[in-house]
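Chemist: Sequence:
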Amino acid sequence: HGCATCYSSCFDTRLPLGKSPRQLYNAFEKKKLMLENAGFKVEVYWECEIRKSLAENQTKKDFFDVQIDKTPLKMASAFSGGRTAPFALMSTPSEGQNISYSDIQSLYPSVLYYAEFPVGHPIYKPYFTSVNWTLPSELPKDRGILKVNVTAPTDLYLPVLPLKVDEKLLFVLCKSCAKKFCGKFAQKNKLQKLKICKDGAEIASIVEHPANVVNRIDFVGDFAHVRYVEKDEFVRESDFSNIAIPTFVTSFARLKLYGFMEEIISKGGKLLYIDTDSAIFEYRGAIMPLTTGNFLGMMEIEKPGKRILRYFSAGAKQYALEFEDLKTGEISYEVKLRGFTIDGNTSSLLNFHTFQTIVEDFANFLQPSIDVSYTQFRPNILGGVVSKNI
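In this text, residue positions in the sequence shown follow the working numbering: the first is 44, and each later residue adds one.
No lab work stands behind these hints, which were simulated from the structure alone. All figures in this text were calculated on a predicted structure; none of them were measured in a lab. Treat the hints with care, since some could be wrong.
As the list claims (entries may be wrong) - Heads up, simulated EDC-like pairs for lysine to aspartate or glutamate below, C-alpha to C-alpha not over 16 Å straight-line:
no., residue 1, residue 2
1, 95, 108
2, 190, 251
3, 299, 146
4, 379, 345
5, 349, 318
6, 211, 146
7, 349, 368
8, 236, 198
9, 104, 86
10, 346, 146
11, 74, 55
12, 73, 90
13, 346, 306
14, 218, 318
15, 299, 343
16, 238, 181
17, 360, 318
18, 236, 181
19, 299, 159
20, 360, 343
21, 218, 86
22, 104, 92
23, 299, 273
24, 211, 245
25, 74, 112
26, 75, 86
27, 218, 146
28, 379, 305
29, 346, 386
30, 113, 92
31, 241, 273
32, 207, 345
33, 113, 146
What the hints assert, rightly or not - Simulated restraints on C-beta separations:
no., residue 1, residue 2, range
34, 418, 201, 37 to 45 Å
35, 384, 192, 43 to 51 Å
36, 183, 407, 25 to 33 Å
37, 217, 172, 34 to 42 Å
For every residue, glycine included, the Cβ atom is placed at its ideal position computed from N, Cα and C.
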């Protein structure tokens, strides 16, 4: 509606929909005047004012949080990535117990082959009603993306539905609990753009543009690397994007993994860690509680011929495993840390044993840390490769 406060710096700039905030505001004022002339009393509350009020009034915020959202469906809100989480910090199997590390054969190709996907243009069908989701006869007959208010069961061991809290993907049964205990997770930064400028005029055109928020400017030789993001209202939809397709792909992929998770639990296994297309789990006896095979979409053992002696995890995308070769008895290790390269220089400081110490200290309510520096190599947008000490 062209809020004069939010768009004060770009009130006459044309937005992607083809109109400026001033034009939107004038259209809003025209509608408001028409309603007032018809005898209606019009009270105006701007979104920015509401958000400021919610930030200052906890009682009001609590009231808003429990209201059912009846605004139009946004397909982008249905999109979530893969399911990654540790279920245990550590595990050392005792006599008669085993740890298995298995992954799905080509998860996404198998989903694309076996699953059903939408085709054609989307059809919007308003559907505002209360239904009993346990009765198939009351469910909408159309397959697609639905906006629903779900009362999750209290006795479900493995939650199914994803929930985003501060841009973190969680799988919980209690939304209020997730927001209370996980609400201070670091938020994911917006995807930023990089513009290589040759002169001050190019830099000024980006810095002074009302649609841009400049994050950083680096001067490399005769060039300036300007990193910036666009404000939400100025972001243009890509010509080849279709949010419905990745929404279905990732949903089917999570359900595929969920089916294997249920199989492990139902047969007496214990989940230790999952990551999009793989699972690390503990079980008793010689028979593994998971059907494996070599065909598309089936689970396979990640390290055949090796036995896992110990497992440690410090969080999502962070785990360490100790292996024993069943033939030679040789001991080997695998350490995975998202965003961190373990090479010959860093392995002396960060390896399986130091990772184990960090996890054990954390389990004892300590705050362990290790300072490690390493050289990161990345492709340069101008060509070649650049290195950076981190």
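Chemist: Taking the hints in turn, state whether each one holds.
Modeler: Comparing the hints with the structure gives:
1. 95 - 108: 15 Å, holds
2. 190 - 251: 39 Å, violated
3. 299 - 146: Roughly 11 Å separates the two Cα atoms, so the pair holds.
4. 379 - 345: Holds - the C-alpha atoms of residue 345 and residue 379 are around 15 Å apart, at most 16 Å.
5. 349 - 318: 20 Å, violated
6. 211 - 146: It is violated: about 23 Å lies between the C-alpha atoms, which goes past 16 Å.
7. 349 - 368: 5 Å, holds
8. 236 - 198: Cα-Cα ~45 Å, so violated.
9. 104 - 86: The given pair, whose Cα atoms are some 20 Å apart, is violated under the 16 Å limit.
10. 346 - 146: Given pair residue 346, residue 146 holds - Cα atoms ~10 Å apart, limit 16 Å.
11. 74 - 55: Distance ~20 Å between residue 74 and residue 55 Cα, so the pair is violated.
12. 73 - 90: Violated - the C-alpha atoms of residue 90 and residue 73 are around 19 Å apart, more than 16 Å.
13. 346 - 306: With a Cα-Cα distance of about 20 Å, the restraint between residue 346 and residue 306 is violated, given a limit of 16 Å.
14. 218 - 318: Not satisfied, since the Cα-Cα distance of roughly 22 Å exceeds 16 Å.
15. 299 - 343: Roughly 14 Å separates the two Cα atoms, so the pair holds.
16. 238 - 181: 53 Å, violated
17. 360 - 318: This hinted pair holds, its Cα atoms lying about 7 Å apart.
18. 236 - 181: This hinted pair is violated, its Cα atoms lying about 47 Å apart.
19. 299 - 159: 13 Å, holds
20. 360 - 343: 20 Å, violated
21. 218 - 86: 32 Å, violated
22. 104 - 92: 13 Å, holds
23. 299 - 273: 36 Å, violated
24. 211 - 245: Violated, because 36 Å separates the two Cα atoms, which is more than 16 Å.
25. 74 - 112: Answer violated: residue 74 to residue 112 is near 25 Å, above 16 Å.
26. 75 - 86: 9 Å, holds
27. 218 - 146: 30 Å, violated
28. 379 - 305: 25 Å, violated
29. 346 - 386: Distance ~21 Å between residue 346 and residue 386 Cα, so the pair is violated.
30. 113 - 92: 20 Å, violated
31. 241 - 273: 21 Å, violated
32. 207 - 345: Distance of about 30 Å is beyond 16 Å: violated.
33. 113 - 146: Cα-Cα ~40 Å, so violated.
34. 418 - 201: 37 to 45 Å: 41 Å, holds
35. 384 - 192: 43 to 51 Å: Holds, since residue 384 and residue 192 (Cβ atoms, about 44 Å apart) stay within the stated range.
36. 183 - 407: 25 to 33 Å: At 51 Å between Cβs, range violated.
37. 217 - 172: 34 to 42 Å: At roughly 25 Å between Cβ atoms, residue 172 and residue 217 fall outside 34 to 42 Å, so the hint is violated.
The structure is inconsistent with the numbered hints 2, 5, 6, 8, 9, 11, 12, 13, 14, 16, 18, 20, 21, 23, 24, 25, 27, 28, 29, 30, 31, 32, 33, 36, 37, although it conforms to all the rest.
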